[in-house]
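Engineer: Count along the sequence shown from 1, then add 165; that gives the number in the working numbering.
The set of hints was computed from the structure by calculation and includes no laboratory data. Among these hints, one or two may not hold up.
[Said to hold, decoys possible] List of simulated lysine-lysine pairs, DSBU-like, C-alpha gap at most 30 angstroms: (1) K564 with K621; (2) K564 with K401; (3) K622 with K401; (4) K564 with K578; (5) K509 with K578; (6) K710 with K578; (7) K710 with K763; (8) K509 with K622; (9) K625 with K710; (10) K725 with K578; (11) K578 with K621; (12) K273 with K215; (13) K509 with K725; (14) K622 with K564; (15) K564 with K625; (16) K725 with K564; (17) K619 with K763; (18) K710 with K509; (19) K725 with K763.
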Amino acid sequence: MPATLMRRLRLGALLCAAALLSGCAAVTVSAISPADYLQQRRGDILTTGKLSASASEVLRIIGSDIAACEANTGSCRADLARSELLSDEQRLATLSELWLESALAEEKQGGHPSAELLAAWLESARYAYAYLFYTTRTPGQRAFEERQTQIRDYYNYAVQKAVGNLFRHRGEYRPDGHVIRVAGWQIDSELSALRLPDDGTLPEELLPATSLSFSGLRNVYRRDGFGADLVAVMPKPPASKGDYVPYQETRFPVVTALIRFDGNSLQEVLATQQLLVMLVDPTRSESTRMAGQELPVAANFTAGYGLWLARSGFGVQALRTLFGRADGISRPQVHLMQPYDPNKRTIVMLHGLASSPEAWINVANELMGDEQLRRRYQIWQVYYPSNAPLAANNAAIRKALAATLAQFDPAGKATAANDMVLIGHSMGGVLARLMVSDASNTLLDAITEEYNLKGKKAEKVRAGLAPYLNFTAMPQVNRAIFIAAPHRGTSFANHKVARWIANLVTLPITMLDQLSDAAGSLAQLDTGSSEPLRIPNSIDNLSDKDPFVRLVADLPISPKVRYYSIMGNDTPDLPLAESSDGVVPYASAHLDGALSEKVIPSWHSVQESPQAILEIRRILRLPDSLP
């Protein structure tokens with residue numbers, strides 16, 4: 166063997182010996198990407214489908230690993246529970262994640278009894294609950310730790326799944342009064358913080374808000390917190406066989422579900438088989454007390470509203486209404502966007518011609534998403550037959566709102582019944598103006614004079630028209646926002662296409678019955694023509710040549726009401742006074758005496774523009790009293 170080769174072998178042997186003597190410490194280091202950084206810190210069973218780095222670390226401490234634990238989950242959980250090498254936080258957090266992993270696996274397989282799956286969700290929630298409230302440190306002391314955020318998510322998700330399971334299988338679990346016994350658990354419920362119908366009707370569905378995705382809404386507004394955010398789907402009210410009911414509370418209220426486990430110590434919570442399911446209204450309750458801690462209540466403020474719009478069919482129905490077809494509406498309907506709250510002021514929204522509450526898709530959502538406004542206001546949307554004449558709708562909407570207020574606040578003392586705000590777009594803006602105006606006898610006197618009515622005939626005509634032409638400002642309203650409102654009409658209504666559509670507009674028989682007195686009074690007027698006057702439709706009323714619009718344009722607005730104007734400008738090359746939004750001229754939308762006037766580069770549907778929504782929010786945030 167050559168000497169050189171021998172020297173190389175001796176050197177290699179020495180190097181190996183040195184490596185052995187040093188313990189073969191072969192640690193290397195490398196940089197990680199931001200994505201890997203986030204996955205290491207935040208990746209877990211919910212986000213990646215794999216156990217978190219924290220859980221893996223804990224398993225290695227007890228001499229196990231993820232593969233071994235997943236091969237024998239029951240034994241792994243038992244080893245975790247017995248280990249004295251772990252802190253309570255490590256143990257409880259990992260057990261919650263392992264139970265969640267088991268529940269997700271069982272759900273995916275789909276072959277296990279509901280009770281078994283329910284038990285797994287409840288165990289995950291239990292260990293998360295114990296971690297959050299019954300370890301040495303408080304949630305506030307761990308506020309900036311990623312692991313606590315993960316455990317809160319485990320609790321919220323497990324509660325969502327457990328409550329959904331209980332709701333779907335409530336008939337199978339044989340409730341004993343309010344108590345359900347299933348999978349070894351005794352489950353009670355607390356619904357006092359939730360406003361349900363007086364007859365005790367339960368929802369048809371209980372949907373996780375996290376499972377709903379919406380198109381057409383610019384934003385989804387949520388509040389991070391404790392509990393599972395859900396949407397309750399209430400049954401459709403039965404078709405009225407008698408009296409007309411003009412109001413309806415939302416059929417899609419948002420709900421937050423919480424589970425409280427019995428016990429006042431860690432040992433008691435881990436040993437108990439009793440729990441309480443709590444359902445609260447997050448629009449009323451911003452926080453809840455749990456295990457001695459004041460906690461923010463999780464919520465999704467968009468989900469119920471979006472589901473209502475998605476299932477409403479308003480778009481087709483509004484067109485059917487305009488042309489007097491079947492399945493349209495003949496009377497106003499007041500839709501409460503949340504369960505009635507006596508302690509919040511009321512915003513009333515009025516859409517325009519051939520429209521519906523869909524005109525306010527993003528407006529209403531943005532207002533409900535504004536925390537300050539949400540604490541202060543509730544929204545009622547008026548859905549009315551936009552083919553009816555303005556005078557008829559003015560009278561009918563007033564009656565509908567009065568009936569709604571009488572139903573929920575007969576004494577008229579609640580905050581909801583006072584200092585109301587009207588927001589109207591297009592024809593809805595004209596209606597809003599009528600509702601804050603004082604006609605007294607102005608319109609009736611004009612009719613009497615125009616047709617030279619005297620004596621009993623004058624009295625009869627005035628009596629027939631009085632319900633529609635003799636009105637005063639609604640006393641409950643102190644603020645109004647008019648958006649692209651043709652207060653003095655528009656020549657657009659005289660266009661050939663508009664007249665063609667107007668000729669297609671038909672008032673249904675039910676609506677003609679409501680207007681029979683007015684129709685009879687119009688028939689008695691001597692016009693000098695062989696043809697009697699007919700009841701004008703809404704498009705007729707929007708013409709700048711329409712007598713009614715010209716008469717009401719100068720009616721005084723109540724001095725109690727502060728009003729504001731928002732309008733679009735689709736003719737930037739013209740002077741402001743000559744401009745238009747493509748439908749309504751500036752001169753018609755402008756009102757002297759408005760506290761502010763906002764002109765936005767936009768077509769007629771200006772209410773949905775971000776600039777208009779910001780202006781509405783600004784106005785609603787103003788103090789109640791004038792400076």
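Engineer: Hint compliance check: list the failing hint numbers for this structure, sorted ascending.
Structural biologist: 3, 6, 8, 11, 17 and 18
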